[in-house]
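I would like the entire structure built from these sequences, with the hints used as guidance.
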Amino acid sequence: MEAGKPKNLEGILARREKKLAFLLLSPTFLLVVGIVLFPLFANFWISFKPVSLADLRPPTILIKERIKGNLTQPGEIITIEYRYRNSSMKYSLADVVFDDEIPKSVKVLDMSQNCSIKESADAKIFRCVLGNMAPKERGKITLDVLANIPLEKENFEFSEVQSDFKTTNVLTSFDFTIANYMKVFSASEFIKVLKTTVYYTFFGTAGALILGLFAAQIMRKAFPGRALVRGILLFPYVAPVIAVAFSWVILFDPFSGPVNAMLIELGVSEKPINFFGRRVTSFSIFGLEINFPVTLSMVILFEIWRYFPLSFLFILARMQSIPSDLYEAAEMDGATPFQQFWFLSIPHIVGILSVLFLLRFIWTFNKFDDIFLLTGGNAGTRTLTVNVYEQAFAISNLGAGAAVAVIIFMFLLIFSIIFIKFTPRDES
Amino acid sequence: MAIWRSGVFGGLLAGVIWSTLWYTLLCVVLIVGSGSSIKLEIGPALITGMVIGFLNVKFKPNNVKIYFIFGILFTFLLLNFFSFGQPFGFQFPLDHWHTIISTLMVSALIFFSIYFTVGSLTAGLLTRYFAEAFYTRLLWGLGLIFLMLIVIIPFYVMIMTSLKNQRSLLKNPLDLSIDFSVGPEKLFNSYIELFVKYDFLTLLLNSAIVSMVTVVITLVFSIPGAYAVAKLRFPAREWLSSSVLLIYLIPAIILVIPLYSVFSQLGLRNTLFGLCIVYPATTIPVALYMLRGYFAGLPSELDDAGLMDGLTRWQIIVKISIPLAIPAIASVALYVFMIAWNEFLFAFMFLDDIKIFTLSRGIVSLDSTEVPRQHLMAASVIATVPVLFIFLWFEKFLVSGLTSGSVKG
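Chains A and B are the protein sequences, given in the same order. For the first sequence, numbering that gives the first Met the number 0 begins at 0 and goes up steadily by one. For the second sequence, numbering that gives the first Met the number 0 begins at 0 and goes up steadily by one.
Keep in mind the hints are simulated off the structure, nothing from the lab. Hints may contain errors.
Claimed, not checked - To give an idea of the interface, some chain A residues facing chain B are shown, with a C-beta separation under 8 Å as derived from the structure:
id, residue
1, L30
2, L262
3, E264
4, S268
Claimed, not checked - Here are the computed distance ranges between Cβ atoms for each label pair:
id, chain 1, residue 1, chain 2, residue 2, range
5, A, G286, B, K395, 51 to 59 Å
6, B, S241, A, F410, 16 to 24 Å
7, B, A295, A, V32, 20 to 28 Å
8, B, L265, A, E159, 19 to 27 Å
9, B, S119, A, L412, 53 to 61 Å
10, B, S167, A, F410, 43 to 51 Å
11, B, Q264, A, T78, 50 to 58 Å
12, B, P234, A, A205, 34 to 42 Å
The beta carbon of each residue, even a glycine, is placed where N, CA and C say it ideally should be.
Shown next, in the form of structure tokens:
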């Protein structure tokens, strides 16, 4: 506290260090607060508001100026007409005023009651006070002037009409509703969306993890060209999602896709299968009717394909850090390859597997791009994240979209708590 | 009893699997490469494989080289023998020499695969160890081929489709060969059209600008932050480094509605500047987390020595820590570049003006019925090539970057 006395040098140094740390962290802190934490809070706010996409364009007054009369003939009466309109369908405007500059040379003959002329040294300003305007309200104001020299339209229109008004911004008003949540929860498909999300997340995560484990087990063995193969195996993950998603769509296209053509060519299927557009296919095994979700499975396969490289990379790194003399000792003791895998490799990688599973689970749960690009959320693949987009931007109900986002956030909170509780301290 | 542990069974199994696999694959390649139809007749290959598998279990050669040559020739002869001289059926479109070369190729593949899979397998009952080693070898080979195939096929289709024209695409979707005879102008027609008509050069530039600005901002913000978290003592340090990870788990889709609303009202939405604010905010936490780990690994004695010599903390960061952390910074930079280049959601939501489209945004706008398929694929290739190139070039950096704190995607 006593900065002036260097009695406690260590205290001063510590304080200086603290100050510097906060200084170094402040840019990051500000940006994260602005772009991550504030939107999180704003999401809650919006989810309780009756906001639609159209409300984002703030209400304004639209004014159109029109000149009537013969301008080139001095001494004729010229009428200037201002048509105005409240652009908003829902919100009223208050204290509306507008200004326009008119040529200095003209003489004003007649104007509406609520208008006035203000003359200064270099300009003549026409001002009208419109007061309050209801939603959609429109009207007209005219001004008659007399010009004593020839004029052109340009003399009137060179100046923009300036307007000023007060209005309510839906985003900042204190107008709340719980209709968004009611709408989201009562929608008949909400349970279905939730179920799809769980299927997608669970099977996508588990599949990518298992395939990654398999790939790591294969790549553990040294062989010529291993570095190149490892690089190629990472392609699905590093390529832009948009490119690989569209190439999958084209690959499995029912009309011009190679996979369908090949299936027909080889006699596996009789007619093309619409992989990304068919909700379910039913078939019966032993009299048991099974509804197989085709498109959802394809989307899950894509997820596995795209993210197995990541699990593979982590698992391989962990496997390669297992001391090789352990395997040599096991070999000496006559442990078979499967035994070595089960009793030696698995115990070593189980930590990274569980961390990967939790983290990937959260990320797959959050995944939006992949499904959106593959199916647009159709054919039984609408997950919660796609639902956010659907509500907010396809149906233009921002509030409902935000409500779904809040639900996602709540799930995430639960997952994060689990994650923090179960993460072994040393693995990161 | 335990038939799966008999050596002969192993040989036959390896023979059946490898001959079927390679024969089918070659047929598929021929169908795709020639655009003609071939009837799949596995029978001859199957029998050949079984014979070769059996022989490999029975005979262990002294001179491997001679054994290989004889083995391949023998496989070739068997294939022809069992298929009455027509290894690919009677309506095979290729001429004599091509057929012989293809058959030789598949013979070599079948023979080597069986040889290496069988390995030291002998006839008679195997011990559990050798049986499992054999199945592991079999699974290893199959797994490697499977992985390579599933990874490469979509990219292969992407490239080949981009080089086609509308008519040939509809005529035979299976024809994935390159027709060099049409000349380069026709071959690269989609690419030329994208650059001329759709102004893809601007899109490429926009993507490059946004990605590079994102990298610079991310580094400028995260290097001092990471240093502070790693080296300086201040309250809430532990709390801060774990909350960085939590922020990292927040998905873009939650942020998109508020950011869309606020940016719309501020007039930042339809601008590249807006993207240059949002992207760093999503990458800084990862970057900070990755760099923090690296800085923490640098010995503190270096900083102390610098302090003793009268350097300020700033000078220490610039003159000691950053030069030492160059590898980590490079991998962070590459990783961030990749994220920014590939980003789709914000670009899709924010950009309306075609002049400021990034590649991702531009490609989505091509996804309509009016734009032919091959254009879409050519655009995908254009977007993919730079990242894959950077990735292969700097693979070592990037792999360490990927593993040091990023499970995001």
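*When you take the CB atoms of S241(B) and F410(A), is the distance between them in 16 to 24 Å?*
holds, 20 Å
*asked:* Quick check on the hint: S268(A) CB to chain B CB, less than 8 Å?
replied: Check failed: Cβ of S268(A) comes no nearer than 14 Å to chain B, outside 8 Å.
*Using 8 Å as the Cβ threshold, decide whether L262(A) counts as touching chain B.*
For L262(A), the interface hint is violated, since the closest Cβ of chain B sits about 10 Å away, which is over 8 Å.
*May I ask you to test the hint 19 to 27 Å on the CB atoms belonging to L265(B) and E159(A)?*
holds, 22 Å
_Range hint compliance [Cβ, P234(B) to A205(A), 34 to 42 Å]_ = holds, 41 Å
*asked:* Looking only at beta-carbon atoms, does the pair A295(B), V32(A) fall within the given range of 20 to 28 Å?
replied: Since the Cβ atoms of A295(B) and V32(A) sit about 25 Å apart, the hinted range of 20 to 28 Å holds.
*Return holds or violated for the Cβ distance of G286(A) and K395(B) against the range 51 to 59 Å.*
At roughly 57 Å between Cβ atoms, K395(B) and G286(A) fall inside 51 to 59 Å, so the hint holds.
*Under the criterion of a CB-CB separation shorter than 8 Å, is L30(A) in contact with chain B as hinted?*
Nearest chain B Cβ about 5 Å off; hint holds.
*Within 53 to 61 Å or not, the Cβ separation of S119(B) and L412(A)?*
holds, 56 Å
*Are E264(A) and chain B close enough, Cβ to Cβ, to be under 8 Å, as the hint says?*
holds, 6 Å
_Quick check: does the Cβ-Cβ distance between Q264(B) and T78(A) fall within 50 to 58 Å?_
Check failed, 37 Å falls outside 50 to 58 Å.
*Per the hint of 43 to 51 Å, is the separation of the Cβ atoms of S167(B) and F410(A) within bounds?*
Given a distance of about 48 Å, which is inside 43 to 51 Å, the answer is holds.
Violated hints, listed in ascending order, are 2, 4 and 11; each of the other numbered hints is respected by the structure.
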